[in-house]
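*Asks:* So you can see what is in the structure, the chains are spelled out below.
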Amino acid sequence: EAGVVQSPRYKIIEKKQPVAFWCNPISGHNTLYWYLQNLGQGPELLIRYENEEAVDDSQLPKDRFSAERLKGVDSTLKIQPAELGDSAVYLCASSVRDGNNEQFFGPGTRLTVL
Amino acid sequence: SQQGEEDPQALSIQEGENATMNCSYKTSINNLQWYRQNSGRGLVHLILIRSNEREKHSGRLRVTLDTSKKSSSLLITASRAADTASYFCATEGVIQGAQKLVFGQGTRLTINP
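Sequences listed follow chains A and B, in order. Each residue of the first sequence is one higher than the one before, starting from 1199 at the first, in my numbering. Each residue of the second sequence is one higher than the one before, starting from 2 at the first, in my numbering.
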């Protein structure tokens, strides 16, 4: 079974440019998460989807960040415009509602904003 | 802000020794989970302990949970070089009306051969 797939793995952009990250969750996982992880820190939730509905986006900086999960499968996270402080690893995770509450993580996209 | 506080921030031991990492949290939880992250990779789920459980084992892993002290520990016995990674505790509970999994800042474990 394939795991959570993310692309690109690395992205370098200049500040004020837009950037987008893509995530394909594990097949059959209805819940999808986007996390931000700064160096030496644990992941921090940006947004959680249940199927195509964003059920928790309270920590998503909506002035520059947006996300979508059309058809309740793949998801895209966008930053426009990017700022220097956005440099971090963006992790996608998915889970299935089976009582185990285990989240499966992708390898992440490392963003560097110059 | 992150709820879990982990101690120590970094731990270096010899192969074969046991490694103990601690996690403290602030509010009531439904469960506590431990994840491992190898350098440049995503997190991998290790073990989940529910709030009504006190101890759980999985292979060389032993997790304890003390809800009265709001703390948990992860013990890795007979450590191996491949155990070198960062270890995160994550607490699942209701925060501001939403079910969330909140991660600590992690413990960086180095196993020296």
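Treat each hint with caution, since some may be false.
No farther apart than 27 Å at their CA atoms in a straight line, the calculated lysine-lysine pairs in the DSS-like style are these [unchecked claim]:
| # | chain 1 | residue 1 | chain 2 | residue 2 |
| --- | --- | --- | --- | --- |
| 1 | A | Lys1260 | B | Lys70 |
| 2 | B | Lys101 | A | Lys1276 |
| 3 | B | Lys71 | B | Lys27 |
| 4 | B | Lys71 | B | Lys101 |
| 5 | B | Lys27 | B | Lys101 |
| 6 | B | Lys101 | B | Lys70 |
| 7 | A | Lys1260 | A | Lys1214 |
| 8 | A | Lys1260 | A | Lys1213 |
| 9 | A | Lys1269 | B | Lys101 |
Residues of chain B placed beyond 12 Å of chain A at every Cβ, according to the derived structure [claimed, not checked]:
| # | residue |
| --- | --- |
| 10 | Glu56 |
| 11 | Asp67 |
| 12 | Ala91 |
| 13 | Ile96 |
| 14 | Gln106 |
Hints are computed from structural coordinates only; laboratory data are not their basis. By construction, the Cβ of each residue, glycine as well, lies at the ideal position given by its N, Cα and C atoms.
*Asks:* Hint by hint, note whether the structure agrees.
*Replies:* How the hints compare with the structure:
Between A:Lys1260 and B:Lys70 the CA atoms are separated by roughly 37 Å; this puts the pair beyond 27 Å, and the hint is violated. Our distance criterion of 27 Å between C-alpha atoms is met by B:Lys101 and A:Lys1276, whose separation comes to about 22 Å. At most 27 Å may separate the alpha-carbon atoms for a hinted pair to count; B:Lys71 and B:Lys27 meet this at roughly 7 Å. Under the criterion of a C-alpha separation no larger than 27 Å, the hint pairing B:Lys71 with B:Lys101 is consistent with the structure, at around 17 Å.
For the given pair, B:Lys27 sits about 14 Å from B:Lys101 by alpha-carbon distance, which is consistent with the 27 Å threshold. Between B:Lys101 and B:Lys70, the direct Cα distance comes to roughly 21 Å. Compliance with the 27 Å bound is thereby established for this hinted pair. The straight-line distance between the Cα atoms of A:Lys1260 and A:Lys1214 is roughly 16 Å, inside the 27 Å bound, and the hint therefore holds. A C-alpha spacing of about 18 Å is found between A:Lys1260 and A:Lys1213, which places the hinted pair at or below 27 Å, so the restraint holds.
For a cut-off of 27 Å, the pair hint linking A:Lys1269 to B:Lys101 stands: about 23 Å separates their Cα positions. At roughly 18 Å from the closest C-beta of chain A, the C-beta of B:Glu56 stays outside 12 Å, upholding its exclusion from the interface. With a least CB separation of 20 Å from chain A, B:Asp67 remains clear of the 12 Å interface cut-off, as annotated. Residue placement check: B:Ala91 does not keep its beta carbon more than 12 Å from all beta carbons of chain A (closest about 7 Å).
At roughly 9 Å, the least C-beta separation between B:Ile96 and chain A is not larger than 12 Å, which violates its mark as non-interface. With a least CB separation of 5 Å from chain A, B:Gln106 falls inside the 12 Å interface cut-off, contrary to its annotation.
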